[in-house]
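Undergrad: Since the structure of chain S is already known, use the hints to place chain W on it.
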Amino acid sequence: MGRVVVEVMPKPEILDPQGKAVVGALPRLGFTQFTGVRQGKRFELEVEGDVTPEVLAAAQEAAVTLLSNPVIEDVVRVADVAADAAGTVTSTGLA
Amino acid sequence: MAAGLDAAKVGVVTFPGSLDDRDAARAIRLAGGQPVALWHADADLQGVDAVVLPGGFSYGDYLRAGAISRFAPAMEAVVDAARGGMPVLGICNGFQILTEAHLLPGSMVKNEHLHFVCREQVLSVENTRTAWTNQYTPGQRITIPLKNQDGQFVADERTLDELEGEGRVVFRYQGWNPNGSRRDIAGITNAAGNVVGLMPHPEHAVEAGFGPDGADGLRSGTDGLGFFTSVLASLVRA
Numbered sequence: 004m005g006r007v008v009v010e011v012m013p014k015p016e017i018l019d020p021q022g023k024a025v026v027g028a029l030p031r032l033g034f035t036q037f038t039g040v041r042q043g044k045r046f047e048l049e050v051e052g053d054v055t056p057e058v059l060a061a062a063q064e065a066a067v068t069l070l071s072n073p074v075i076e077d078v079v080r081v082a083d084v085a086a087d088a089a090g091t092v093t094s095t096g097l098a
Numbered sequence: 002m003a004a005g006l007d008a009a010k011v012g013v014v015t016f017p018g019s020l021d022d023r024d025a026a027r028a029i030r031l032a033g034g035q036p037v038a039l040w041h042a043d044a045d046l047q048g049v050d051a052v053v054l055p056g057g058f059s060y061g062d063y064l065r066a067g068a069i070s071r072f073a074p075a076m077e078a079v080v081d082a083a084r085g086g087m088p089v090l091g092i093c094n095g096f097q098i099l100t101e102a103h104l105l106p107g108s109m110v111k112n113e114h115l116h117f118v119c120r121e122q123v124l125s126v127e128n129t130r131t132a133w134t135n136q137y138t139p140g141q142r143i144t145i146p147l148k149n150q151d152g153q154f155v156a157d158e159r160t161l162d163e164l165e166g167e168g169r170v171v172f173r174y175q176g177w178n179p180n181g182s183r184r185d186i187a188g189i190t191n192a193a194g195n196v197v198g199l200m201p202h203p204e205h206a207v208e209a210g211f212g213p214d215g216a217d218g219l220r221s222g223t224d225g226l227g228f229f230t231s232v233l234a235s236l237v238r239a
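Protein sequences appear in the order of chains S and W. Residues in the first sequence are numbered from 4 upward in steps of one, following the working numbering. Residues in the second sequence are numbered from 2 upward in steps of one, following the working numbering.
Think of the hints as simulated: they come from the structure by calculation, not from any bench. For every residue, glycine included, the Cβ atom is placed at its ideal position computed from N, Cα and C. Among the hints, a few may not be true.
Stated by the list, open to error - Under the rule of at most 27 Å between Cα atoms (straight-line distance), these lysine-lysine pairs were calculated in the BS3-like manner: (1) S:23 x W:148; (2) S:44 x S:23; (3) S:44 x W:148; (4) W:148 x S:14; (5) S:44 x S:14.
Stated by the list, open to error - To spell it out: a stretch of chain S is covered by chain W in this simulated footprint if at least three of its residues, at any positions, have a beta carbon under 8 Å from a beta carbon of chain W; those stretches are: (6) 21-28; (7) 65-75.
Chain W with its partners taken away, still in its complex shape:
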C-alpha cells in the first residue's frame, strides 16, 4: 500500500442490532485503511473520510428495515456528509437505511419466495466509476456472500429507467436472482457516484481462508476487497 493510504479513516456506524460492523472494520484494515468505530447515537463523525453502514437488523427491522435507523443522530451527519460528496457504502441493512434516508432511490421488500436466503452470489460489476468500485473492471464477475430476508429491490418503472439510463445500476445478480429484485439489481449508486448500496456482503470476502470458495480453492475468494481498496484509491485522488 502507498504511504498516503495510511491516513484514510473509514467510519463504520454501529446501530442497535448491527451484526457486521466488526467484519466491515476488518475489511477496511485489510485493504490498508484505518477503521473508526462510530455510534448511532453520536452525531460526531470523528473526522472520517468515508463511512460504511454495515449489515444486520438495526432496531430489529421494526416498522420497516432501516426505517428507524434513518433518524439516528449519526445518520443525520452521514446524510449531510454524503450530500457533500463523502463516500458512503451501505451493505444489506445499510442499503435499506440509505433508501429510507432518501440518499438512494427505491426500497427493499420481503424476498419474493418469502425465505431467508444465504448463499455465495455471483454479481456483475456494471459501473466502475463509483468511489467503491473503481478497482474493478467493467463487467467483472465477482462472488460474495448474500444473506437477507428483505432483499427484493423495488422501484417504479420511471425510477428504474432513470437508474439504467444514467448507468447507476452498479451490480446485477448473475445466474439466479435470489430475491425477485427488479431487473436483477443487486446494488445502485447516486448520481455523483459517492453513495453506493447493495444487498450482498463484500466485507465477508476479503481474506483467503474466510471467504467464499474461489478459483484457488475452498474459502479462497477475496472478491469483496476491491470495495475497500476502491474507496481508499478514490480518497487519495480526491
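Same shape as in the complex, but just chain S:
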C-alpha cells in the first residue's frame, strides 16, 4: 500500500488566527523562544499498490481542487512517503 502526503499552509499574507493562539499559549509553558507559529494541514492519501507518477499527479490535482483553497492556502508538499520515509518518518527520536 502506498501513501501520498499533502501539506497545506495558510498563505503568508493571510493572518493565521490559529497559529496566533498557539504562539500566545507557548510562553505560558515556558517556551519563550518561539516568536511565531503558523498552523497548516497534513493529509495522508492511501492507494492500493505503489505511488506511481500518475498517482502523484492525481494527488496534486486533488490538492489544488479540494484539499486547499488557493485564495487562502498554498500546497507546500505533495510527496510519496515511502520514497523518503527514512528521512522523515523515523527521525523523531522515539526509538
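TA: Same frame as chain S, now just chain W:
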C-alpha cells in the same frame, strides 16, 4: 402582496449540518413567496425561481467551511442556474459555499479574535441594484443577527479593489467589525447582481416579536425581510 408574487418559488437547500434552512423558508413565506425544500443530494431544483443557501455547519465545516458542500449534486445545479442569471443568496455558511464554488470571490477564515460571535449587527446597504437588495435605499442602516466563527472575509488587494470599483460590496459592518473582515465587508455580489453572499442572517429578522431589538421595542426588528421581498420583486420584473 401583488397576485403575481404567489407563484414565485424560492428553493432552500438543506445540507447535512444546515441549521437555518427552516428559518429561511419561513422568511420566504412571510415575504409572500413559496418556499421549496431542496436536498443537497438531489440535482433537481424543482423548477424554483431563486435559491437560498442557508447558514449552519454543513459537513461539520470539515476541511474548510463550505468546501465539501460545494461538490454536492444540488450545488452543481445551483452553479449552473446562477451562471444563467437565477438569483442565489448565500447566508453565512451559504456565503462560504458560494466562495468555495467560485460564484463569489474571496474566502472566509477564522475570526481575527478567535471567538465565536453572536450579536445584533448594524450593516450599511451599499448596493441596492442586486436581486436581493432592491427594496432597500442606498446607505440604509439595517440591524440583523450575526453568528459565526469563520466569518473573516479575506481576498487579495486586487480583488478587493475590483469589488470596490465595481460597486460589488453590498454590505459593510458599521460600528464594529466583528470578525476582522477586510475593509469591513459583510457581503458581496457577483458582476451580474444575481448572486449575493453575506455572513449576517437576514432570515432571523423578518417577524416582529422574534427579531433583534428595533425602534418599535424589544424584538421588533424586521430589517431582514427586505432581502426576500427584493428577490420576489426582481422575479416579477424579470
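Undergrad: Does each hint fit the structure? Answer for all of them.
TA: Evaluation of the provided hints:
A hinted pair counts as satisfied when its Cα atoms are at most 27 Å apart, and residue 23 (chain S) with residue 148 (chain W) qualifies at roughly 22 Å. Between the alpha carbons of residue 44 (chain S) and residue 23 (chain S) the distance comes to roughly 16 Å, so the proposed pair stays at or under 27 Å and holds. For a cut-off of 27 Å, the pair hint linking residue 44 (chain S) to residue 148 (chain W) stands: about 26 Å separates their Cα positions. This hinted pair checks out: residue 148 (chain W) and residue 14 (chain S) have alpha carbons roughly 26 Å apart, not beyond 27 Å.
Our distance criterion of 27 Å between C-alpha atoms is met by residue 44 (chain S) and residue 14 (chain S), whose separation comes to about 12 Å. Only when three residues or more bring their CB closer than 8 Å to a CB of chain W does the claim for the region 21-28 of chain S stand; here the count is 3, and the claim holds. Judged by the Cβ-Cβ criterion of 8 Å, the region 65-75 of chain S is covered by chain W as claimed, because 5 of its residues qualify and three suffice.
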